[in-house]
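A.B. asks: Protein chains in written order, with our numbering: chain A, 1 to 382; chain B, 383 to 446; chain C, 447 to 718.
Heads up, a few of these hints could be off.
Derived CB-CB ranges, DEER-like [stated by the list, open to error]:
hint: 1; chain 1: C; residue 1: F699; chain 2: A; residue 2: H254; range: 46 to 54 Å
hint: 2; chain 1: C; residue 1: R455; chain 2: A; residue 2: D133; range: 27 to 35 Å
hint: 3; chain 1: B; residue 1: I424; chain 2: C; residue 2: R653; range: 45 to 53 Å
In the DSS-like style, the derived pairs of lysine-lysine whose C-alpha atoms are separated by at most 30 Å in a straight line are [as the list claims (entries may be wrong)]:
hint: 4; chain 1: A; residue 1: K46; chain 2: C; residue 2: K482
hint: 5; chain 1: A; residue 1: K46; chain 2: C; residue 2: K708
hint: 6; chain 1: C; residue 1: K688; chain 2: B; residue 2: K414
hint: 7; chain 1: C; residue 1: K607; chain 2: B; residue 2: K386
hint: 8; chain 1: A; residue 1: K46; chain 2: C; residue 2: K636
hint: 9; chain 1: C; residue 1: K688; chain 2: C; residue 2: K586
hint: 10; chain 1: B; residue 1: K414; chain 2: C; residue 2: K665
hint: 11; chain 1: A; residue 1: K244; chain 2: A; residue 2: K324
hint: 12; chain 1: A; residue 1: K200; chain 2: C; residue 2: K489
hint: 13; chain 1: C; residue 1: K482; chain 2: B; residue 2: K442
hint: 14; chain 1: C; residue 1: K717; chain 2: A; residue 2: K46
hint: 15; chain 1: C; residue 1: K656; chain 2: A; residue 2: K46
hint: 16; chain 1: C; residue 1: K708; chain 2: B; residue 2: K404
hint: 17; chain 1: C; residue 1: K656; chain 2: B; residue 2: K404
hint: 18; chain 1: C; residue 1: K482; chain 2: A; residue 2: K200
Reference listing, derived: stretches of chain B covered by chain C, where coverage requires no fewer than 3 residues with Cβ under 8 Å from a Cβ of chain C [what the hints assert, rightly or not]:
hint: 19; segment: 388-394
hint: 20; segment: 429-436
Note that these hints are calculated values from the structure, not bench results. Ideal Cβ placement from N, Cα and C applies to all residues, glycine included.
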Amino acid sequence: MSEARLMQGNEACAEGAVAAGVRFFGGYPITPSTEIAEYMAVNLPKVGGNFIQMEDEIAGIGVILGASLAGKKALTATSGPGFSLKQELIGYAAIAEIPAVIVNVQRMGPSTGQPTSPAQADIMQARWGTHGDHPMIALSPWTVRESFDVAVKAVNYSERFRTPVIILLDEVVGHLRERVELPSAHEIEIYPRRMPNTTKAQGYKAYTPMEDLVPNPANFGTGYRIHCTGLVHDETGFPSGSPKVTEQTIHRLHEKIMRVQDEITHYDEFFMDDAEIAVVAFGGTARTAYAAVEAARHAGQKVGMVRMMTIWPFAENVMRNLAKRVKGILVPEMNYGQYVYEVERAAAAQARVVSLPKYDAEVFTPDEIKQAIEKLAAEVAK
Amino acid sequence: MIIKVNARFCKGCNICVAFCPKQVLALDSMGKVCVVDESACIGCGQCELRCPDFAIRINKEEKA
Amino acid sequence: MRDYETFFRTNRLPHIWCPGCGHGIAMKAIAKAIAKLDLDQDKTVIVSGIGCSSRASGYMDFDTLHTAHGRALPFATGIKLANPELNVIVITGDGDCMAIGGNHFIHAARRNIDLTVILFNNNIYGMTGGQASPLTPVEKKATTAPYGTFDRPFNPCEVAKTAGATYIARGTAFHAAPLVDLIAQGIQNKGFSFIETLVQCPTSYGRRNKMGSAAAMLKDMSETVIPLAAYNRLSTEERNEKLPSGVLHTDVFPEYAAEYAKIIKQAGGDKA
Ligand SMILES: Cc1ncc(C[n+]2csc(CCOP(=O)(O)OP(=O)(O)O)c2C)c(N)n1
Ligand code: SF4
């Protein structure tokens with residue numbers, strides 16, 4: 001551990017990314033994500049990396065995908081409107097299997113909305129924002145320290161699965177200042193860039209899936225002369241119109257992640273041993289929810305909390321089991337109700353699932369959540 | 383052979399026929415380029431230069 | 447000198463382009479320029495956007511990248527900065543480069559990053575069946591300009607110049623031999639190079655505008671596009687009917703990747 005420092009969530013996220021090996025950042029300024037770009041502008045050249053301010057957010061993701069193909073671990077950061085602009089190329093990264101991390105420090109929308117106000121209303125956009133069927137990994141930290149850890153995980157997952165990974169920060173955590181102790185370099189596990197394991201003479205094909213269903217396309221400039229496209233392609237990397245190849249590709253893109261879903265589902269449980277009510281929360285809202293749950297416990301409620309770090313893929317098993325353990329599940333989120341519908345589906349009527357939406361551009365107060373807990377407890381007691 | 387035609391690549395656009403100054407080339411009944419008078423070829427390479435299909439090559443060395 | 451054909455992925459041929467399409471002529475000129483300069487095949491990357499023209503990347507035996515519509519330049523910028531030793535060549539169409547990719551185009555030129563951009567200008571959206579592009583001349587017809595377009599077109603070379611490109615040239619599929627040199631010089635320029643290449647689209651442009659066969663469209667080019675020196679001798683009225691070809695503009699300006707290397711040095715990252 002290094003010595004304790006006072007830092008912001010955005011800064012910790014940027015620092016975690018660099019610690020995990022990110023050496024390329026491209027982006028366009030937007031509140032409340034700009035501190036990440038500013039951190040990268042100062043610090044990447046110090047480690048031999050590149051920072052570039054692009055002309056818009058589309059260029060911001062395009063430039064990092066190019067850098068990633070040329071062998072550099074790469075990240076871009078943005079907020080709401082910029083996240084919307086990036087969607088087409090997020091899909092490109094998914095089908096062309098290019099490692100890249102996209103940070104979205106969520107702010108209130110739609111459109112320009114309330115630019116400096118917190119929200120968690122891009123949950124579904126993170127999952128389904130780009131067109132077509134595609135896998136998605138999205139992680140959401142709830143503390144400054146965890147913003148660092150999540151960045152490391154995101155970079156590692158993007159490299160391991162060769163897929164875009166989204167970090168869903170929110171204005172609360174992104175701009176929060178906390179005293180943190182960060183791990184030193186040797187304590188951080190880094191997933192290295194995947195490399196071809198056969199030569200061209202041995203019949204190397206850029207998109208042949210390995211045992212873990214992930215291919216090893218060579219970095220540009222290493223003599224393999226690969227072709228990379230956003231069209232459906234076969235193992236050679238060249239376009240294929242075959243229905244069979246199309247079906248296999250879409251299936252494999254999902255399966256390479258879903259086969260290890262449990263391993264990449266990160267969450268914490270608090271006060272769950274005897275809980276009859278569970279609060280499911282993530283990001284900045286989880287901080288308030290924790291205070292509310294603690295207060296409700298003191299007041300005698302059998303309430304616990306499940307805090308999700310992994311937002312996508314949806315923690316199907318966790319929620320299905322949770323519904324069997326408790327009578328009621330409360331889902332507070334800073335939006336009109338998004339994640340709650342997934343929870344409700346997984347709960348399959350085994351527990352009563354209640355939404356606690358918040359869309360007034362303010363954060364929850366502990367009292368708002370505590371009252372909702374009490375109301376739900378009374379309902380399920382009937 | 384100094385004119386090499388790759389019939390598989392030829393799409394019969396007629397550009398080579400149109401630009402050959404010596405009427406060496408024509409389209410055959412299948413609509414593909416064919417050499418009708420190789421002896422007239424002066425090796426100018428106008429056909430190869432503008433063939434969009436990479437279907438025709440002139441080997442100047444052999445001519446010399 | 448290596449034969450240009452050895453730079454093709456022959457097993458991917460014949461290509462998808464229509465009979466008489468000029469894209470093949472322009473692509474061949476690029477391969478010849480690469481052969482002429484004896485570029486390292488393993489250190490040369492071809493990047494393209496989306497469109498008929500952008501399919502060229504798949505037929506060329508290098509590391510090749512077929513990106514999204516309009517986005518070739520941001521990807522190419524990332525490749526060049528991540529590994530400045532690579533030669534990065536961009537193939538794009540008039541819609542790809544000047545409409546959806548227009549913003550990236552002016553900014554890549556502004557940065558003077560060492561990319562060579564070859565715009566296959568067929569004055570139309572070929573791939574999608576003949577809609578008007580920002581380079582469709584006034585009064586020409588397109589599926590989306592059935593009465594003839596009245597939108598004022600760009601002169602892409604002038605746009606490139608204003609935006610800061612340090613090498614600008616114009617060639618045509620008719621003038622395919624000098625085109626090779628224009629491209630080769632662009633690759634040699636350490637900065638943003640732009641080569642507008644006029645090509646014929648007999649299917650989506652020529653037919654609707656009654657321009658005749660592919661060969662007839664090429665002959666038109668031979669008349670309308672003339673060397674810069676000859677163009678400069680024309681009166682203003684005469685110039686309206688013509689376009690100058692050859693090297694139109696060069697400039698000297700620091701190159702972006704090299705400048706960033708200095709920043710890295712200043713920050714101490716060259717020792718990292
Ligand atoms: C975001 C997006 N918008 C639209 C399209 C549809 N589209 C594909 S190619 C193309 C135009 C291509 O024209 P151009 O760049 O001039 O190239 P050409 O086909 O003429 O060579 C369009 C509009 C697309 N693929 N992606
Ligand atoms: S539509 Fe036009 S540009 Fe596209 S392949 Fe056919 S001739 Fe070429």
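A.B. asks: Determine for every hint whether it applies to the structure shown.
C.D. replies: We went through each hint and held it up to the structure:
no. : hint                          : verdict
1   : C:F699 <-> A:H254: 46 to 54 Å : holds, 47 Å
2   : C:R455 <-> A:D133: 27 to 35 Å : holds, 29 Å
3   : B:I424 <-> C:R653: 45 to 53 Å : violated, 33 Å
4   : A:K46 <-> C:K482              : violated, 39 Å
5   : A:K46 <-> C:K708              : holds, 11 Å
6   : C:K688 <-> B:K414             : violated, 34 Å
7   : C:K607 <-> B:K386             : violated, 42 Å
8   : A:K46 <-> C:K636              : holds, 25 Å
9   : C:K688 <-> C:K586             : holds, 16 Å
10  : B:K414 <-> C:K665             : holds, 22 Å
11  : A:K244 <-> A:K324             : violated, 39 Å
12  : A:K200 <-> C:K489             : holds, 16 Å
13  : C:K482 <-> B:K442             : holds, 18 Å
14  : C:K717 <-> A:K46              : holds, 9 Å
15  : C:K656 <-> A:K46              : violated, 60 Å
16  : C:K708 <-> B:K404             : violated, 58 Å
17  : C:K656 <-> B:K404             : holds, 28 Å
18  : C:K482 <-> A:K200             : holds, 26 Å
19  : 388-394                       : holds (count 4)
20  : 429-436                       : holds (count 6)
When held up to the earlier numbered hints, the structure conflicts with 3, 4, 6, 7, 11, 15, 16 and fits the remainder.
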